[in-house]
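Undergrad: Using our numbering, read the sequence shown as starting at 1137 and increasing by one per residue.
Be aware that one or more of the hints could be misleading.
Result set (SDA-like, lysine to any residue): computed pairs, CA atoms no more than 25 Å apart in a straight line [as the list claims (entries may be wrong)]:
(1) Lys1241 - Leu1183
(2) Lys1241 - Ser1181
(3) Lys1202 - Phe1182
(4) Lys1222 - Val1200
(5) Lys1202 - Leu1237
(6) Lys1202 - Lys1241
(7) Lys1222 - Thr1232
(8) Lys1222 - Arg1201
(9) Lys1202 - Glu1192
(10) Lys1241 - Asn1204
(11) Lys1241 - Gln1221
(12) Lys1185 - Glu1170
(13) Lys1142 - Leu1153
(14) Lys1202 - Val1228
(15) Lys1222 - Phe1212
(16) Lys1241 - Leu1211
(17) Lys1222 - Glu1240
(18) Lys1241 - Lys1185
(19) Lys1185 - Asn1204
(20) Lys1241 - Thr1220
(21) Lys1202 - Ile1233
(22) Lys1202 - Ser1235
(23) Lys1171 - Ala1160
(24) Lys1142 - Arg1161
(25) Lys1202 - Ser1213
(26) Lys1241 - Glu1196
(27) Lys1185 - Phe1163
(28) Lys1241 - Leu1214
(29) Lys1202 - Leu1183
(30) Lys1222 - Glu1196
(31) Lys1202 - Leu1230
(32) Lys1202 - Gln1179
(33) Lys1171 - Asn1152
(34) Lys1241 - Gln1184
(35) Lys1171 - Gln1184
(36) Lys1171 - Thr1190
(37) Lys1202 - Leu1187
Computed beta-carbon distance windows for the label pairs [what the hints assert, rightly or not]:
(38) Thr1220 - Glu1188: 41 to 51 Å
(39) Trp1143 - Ile1166: 28 to 38 Å
(40) Leu1157 - Met1137: 29 to 39 Å
Note that these hints are calculated values from the structure, not bench results.
For each residue, glycine too, the CB sits at the ideal point set by N, CA and C.
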Amino acid sequence: MLHLLKWLIVLYWFLNLLCCLIIARAFHNISLREKRHELLVQQMSFLQKQLEYTTEMEQEYQFVRKWNHDMENHLFSLNYLIRTQKYLEADVYLETILSELPPEKRTL
């Protein structure tokens, strides 16, 4: 009887230790999942910011392309007016272009 009691006590402590290990493992797994979740949230935030930046840069690029295209056309028009000796028209055209610029850009 005493021998059986000793084995039951050993079995009791073994099962307690096993339960503690299982619980510790479960908490460890939860901690890992939380860290992975935080990392994914950070990555999503970074990708969202990258997408916003890329979209903004694409819009800026399109604006610069349009501006360059417009300036090229203005230069061609001015070149034509000067080559055909229409200086007054060239001056009026240039003044019109400059008047469309914001005041801080008019440095001429």
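Undergrad: State for each hint whether it applies.
TA: Hints, verified against the model:
1. Lys1241 - Leu1183: Distance of about 36 Å is beyond 25 Å: violated.
2. Lys1241 - Ser1181: violated (37 Å)
3. Lys1202 - Phe1182: The hint is violated at about 30 Å.
4. Lys1222 - Val1200: violated (30 Å)
5. Lys1202 - Leu1237: holds (15 Å)
6. Lys1202 - Lys1241: Within the cut-off at roughly 18 Å; holds.
7. Lys1222 - Thr1232: holds (15 Å)
8. Lys1222 - Arg1201: violated (29 Å)
9. Lys1202 - Glu1192: Distance ~15 Å between lysine 1202 and glutamate 1192 Cα, so the pair holds.
10. Lys1241 - Asn1204: holds (16 Å)
11. Lys1241 - Gln1221: violated (28 Å)
12. Lys1185 - Glu1170: holds (23 Å)
13. Lys1142 - Leu1153: holds (16 Å)
14. Lys1202 - Val1228: holds (23 Å)
15. Lys1222 - Phe1212: holds (14 Å)
16. Lys1241 - Leu1211: At roughly 18 Å apart (the allowed maximum being 25 Å), leucine 1211 and lysine 1241 satisfy the hint.
17. Lys1222 - Glu1240: Roughly 29 Å separates the two Cα atoms, so the pair is violated.
18. Lys1241 - Lys1185: Measuring from Cα to Cα gives roughly 31 Å; hence the hint is violated.
19. Lys1185 - Asn1204: violated (28 Å)
20. Lys1241 - Thr1220: It is violated: about 29 Å lies between the C-alpha atoms, which goes past 25 Å.
21. Lys1202 - Ile1233: holds (15 Å)
22. Lys1202 - Ser1235: Within the cut-off at roughly 19 Å; holds.
23. Lys1171 - Ala1160: Holds, because 17 Å separates the two Cα atoms, which is no more than 25 Å.
24. Lys1142 - Arg1161: violated (28 Å)
25. Lys1202 - Ser1213: holds (17 Å)
26. Lys1241 - Glu1196: holds (18 Å)
27. Lys1185 - Phe1163: violated (33 Å)
28. Lys1241 - Leu1214: It holds: about 20 Å lies between the C-alpha atoms, which stays within 25 Å.
29. Lys1202 - Leu1183: At roughly 28 Å apart (the allowed maximum being 25 Å), leucine 1183 and lysine 1202 break the hint.
30. Lys1222 - Glu1196: Given pair lysine 1222, glutamate 1196 is violated - Cα atoms ~36 Å apart, limit 25 Å.
31. Lys1202 - Leu1230: Cα-Cα ~19 Å, so holds.
32. Lys1202 - Gln1179: violated (34 Å)
33. Lys1171 - Asn1152: Violated - the C-alpha atoms of asparagine 1152 and lysine 1171 are around 29 Å apart, more than 25 Å.
34. Lys1241 - Gln1184: violated (34 Å)
35. Lys1171 - Gln1184: Roughly 20 Å separates the two Cα atoms, so the pair holds.
36. Lys1171 - Thr1190: It is violated: about 28 Å lies between the C-alpha atoms, which goes past 25 Å.
37. Lys1202 - Leu1187: holds (22 Å)
38. Thr1220 - Glu1188: 41 to 51 Å: With a Cβ separation near 48 Å, threonine 1220 and glutamate 1188 satisfy 41 to 51 Å, so the hint holds.
39. Trp1143 - Ile1166: 28 to 38 Å: The hint (28 to 38 Å, Cβ to Cβ) holds, given that tryptophan 1143 and isoleucine 1166 are roughly 34 Å apart.
40. Leu1157 - Met1137: 29 to 39 Å: With Cβ atoms ~31 Å apart, the hint holds.
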